[in-house]
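Q: In order, the protein sequence lines correspond to chains X and H. In this text, residue positions in the first sequence follow my numbering: the first is 1, and each later residue adds one. In this text, residue positions in the second sequence follow my numbering: the first is 1001, and each later residue adds one.
Be careful, since some hints might not be right.
[What the hints assert, rightly or not] Some but not every residue of chain H turned toward chain X, in silico, with C-beta under 7 Å:
id, residue
1, 1106
2, 1152
3, 1240
4, 1247
5, 1251
Hints listed in this document are in silico derivations from the structure and should not be mistaken for laboratory results. Being a predicted model, the structure only gives us computed values, none of them experimental. Don't be surprised by glycine CBs; every beta carbon is placed ideally from N, CA and C.
2 protein chains.
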Amino acid sequence: MPTVTPERLKEAIGAVLTGVGASVDEAPLVAESLVRAEMRGTDTHGLPYLKLLVERVEAKMVAVPTRVTVVKDEGTTALLDGGNGIGQVAGWKAMETSLRKAREFGTGLTLIRNTNNLGFFAFYTLHAAQQGYVGIAMGNANAAISPWGGAEAFFGTNPISIAVPGGDDSLALDMSSSVVARGKIRRAHRQGEKIPVGWGLDESGMPTDDPGAALKGTLLPIGGPKGYGLAFMVDVLAGMLSGAAFGRDVQSFHQLMGPTGVGALLLAINVERFMPLGQFRALMTGYVESIRGSRKAKGTARIYLPGEIEAEKEQTSRARGIELQAASIEMVNQLLEKLKSAVRL
Amino acid sequence: MPTVTPERLKEAIGAVLTGVGASVDEAPLVAESLVRAEMRGTDTHGLPYLKLLVERVEAKMVAVPTRVTVVKDEGTTALLDGGNGIGQVAGWKAMETSLRKAREFGTGLTLIRNTNNLGFFAFYTLHAAQQGYVGIAMGNANAAISPWGGAEAFFGTNPISIAVPGGDDSLALDMSSSVVARGKIRRAHRQGEKIPVGWGLDESGMPTDDPGAALKGTLLPIGGPKGYGLAFMVDVLAGMLSGAAFGRDVQSFHQLMGPTGVGALLLAINVERFMPLGQFRALMTGYVESIRGSRKAKGTARIYLPGEIEAEKEQTSRARGIELQAASIEMVNQLLEKLKSAVRL
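Starting from the given sequences, assemble the full structure and let the hints guide the process.
A: In structure tokens form, the structure reads like this:
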């Protein structure tokens, strides 16, 4: 597969973004999020996101340059309006706000309303961890999961990410509330394969192994009623409490049906309020060694820490270049050409 | 089944607790937690807990009366030492501390070290919700879940509870990080039944339908690596960051092997920092109606909200009395007799 360096990909994505009207301040940040998603193997948040974003900007459903405004800012809490702009710009500003507050007050909690798909959420929580803070982020999304016992999509796959300092500051849980992402079911459908029972329900709310039926139905939440409860609470905290859209009112980023109305929550906790950061990092070093060294299941060669697979892929991509499908390179180059940019991948 | 009123059960439990040395201040609070657990159908946190607690107090492995001390208290954050006392006393004081801080600063975050089993976690988060705050609580526990790919218990079932105001202030997610509690596997084992594959792993880390093999092995986390990540992060935030025990060092409340060393995290968020509480409650009313009214799966008569089944059981028990097994009543009466209390159930 062809490879490109992270720098070249970032430059090309940045040129696409400024080409459609993003500011020179925001383009590198958004490009960084997309490039890292590609490097980490979570590529739905990478180049496919870029294509969707450009379509939405051209359809005037995302406003660029992104104008994030402060609705409220009092002591430990803040509320931002994302200006229906690019999600990463609002998300980054929110985590920066929370970190500033956590530095001063111990914790910082910032909510965002009126934004769009924020890309991969460990982008924000790892930023907190790398500065010695616990980072917690969650956001809502368009309906994909039904209430437990239901047959109709109501909650998004509502991601939750938690990152903590320690190790090489790459420890991050970054999970959706569903067993699998819809993309996995779409892929099985394209390839004419069955899906395991437990991934999705058909339109009548019954378990199915037919990806076509699951795509018309809903995604199953992790742990049944537990994942339903998580998706519910993320929707309430990130969506309702922020004044964003929630429940079925959140629109899909994948369909040109108007502003998505997404909301998010970004929390930072100052480790130093509880123990010296050096002590915490030392405890974490011993902890991850114990986990790595614990007895493995038959056939398992290695135990990974939360976020470790993604962090290693990122390192490998940084060292050897990012593998991209020829079609993805072509897609970026076509966008650049259309936008009359001199840059090419 | 025989029934008792909540008041009588609370009085009897309170008499047992003061009989073994709990203070007259703490006994009613702890009794309230145990009685509500019985009423809510989460009875492992009720009378079986009482029996274990009394054994631990008599073995001098839990210190009563509970002396909770403030290790740190600065602005929005606090750290308490539970004095190896009764978990509910530390947990309640921690949530009260977080609520006081959230009233003043918008958020309050209190960690606890050196405590014991806190009973059911919605006890604390519902208290926050009833006062118009978002309540979030989590705690660690003795090893039951292995790292993903492992065959050795390392993390506890590490519960997470989130409650929000609205409806009748009874909306609470209260979940463990495992697919089922160990108690469910113990019951199948006693009754000579198989368990579904997906509940537990045997000693070699392989899926099993044999409850005996699963009891020697580990519990499966919800959503595979996702639940592993949740259990990991709860252990780090509630255990490591608080200075409590964590990982395999947390001892079981069920075995007399010394202090459990449990840690917990209690967070309160002031809704009013983001929108008027009345507006939030109104949005929540519409939200729960939409969920209840959404299309049901074939064969489902009703959609429940997070915590609604437990809240209804609690209401029913309050109205009609709490159903107790004759053996449970006998157990409480024997404790009362042994402690020379005049109270009987």
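Q: Each hint needs a verdict: does it hold in this structure or not?
A: To see whether the hints hold, each was checked on the structure:
A cut of 7 Å between beta carbons decides the hint on residue 1106/H: the least distance to chain X is about 4 Å, and the hint holds. Because the beta carbon of residue 1152/H sits about 4 Å from the nearest beta carbon in chain X, less than 7 Å, this interface hint is met. Checking residue 1240/H against chain X: minimum C-beta separation of about 5 Å stays under 7 Å; hint holds. Given hint, residue 1247/H at the interface with chain X, holds; its Cβ is 6 Å from that chain's nearest Cβ, closer than 7 Å.
A hinted interface residue such as residue 1251/H counts as satisfied when its beta carbon comes closer than 7 Å to some beta carbon of chain X; here the least separation is about 16 Å, so the hint is violated.
Of the numbered hints stated above, the single one contradicted by the structure is hint 5.
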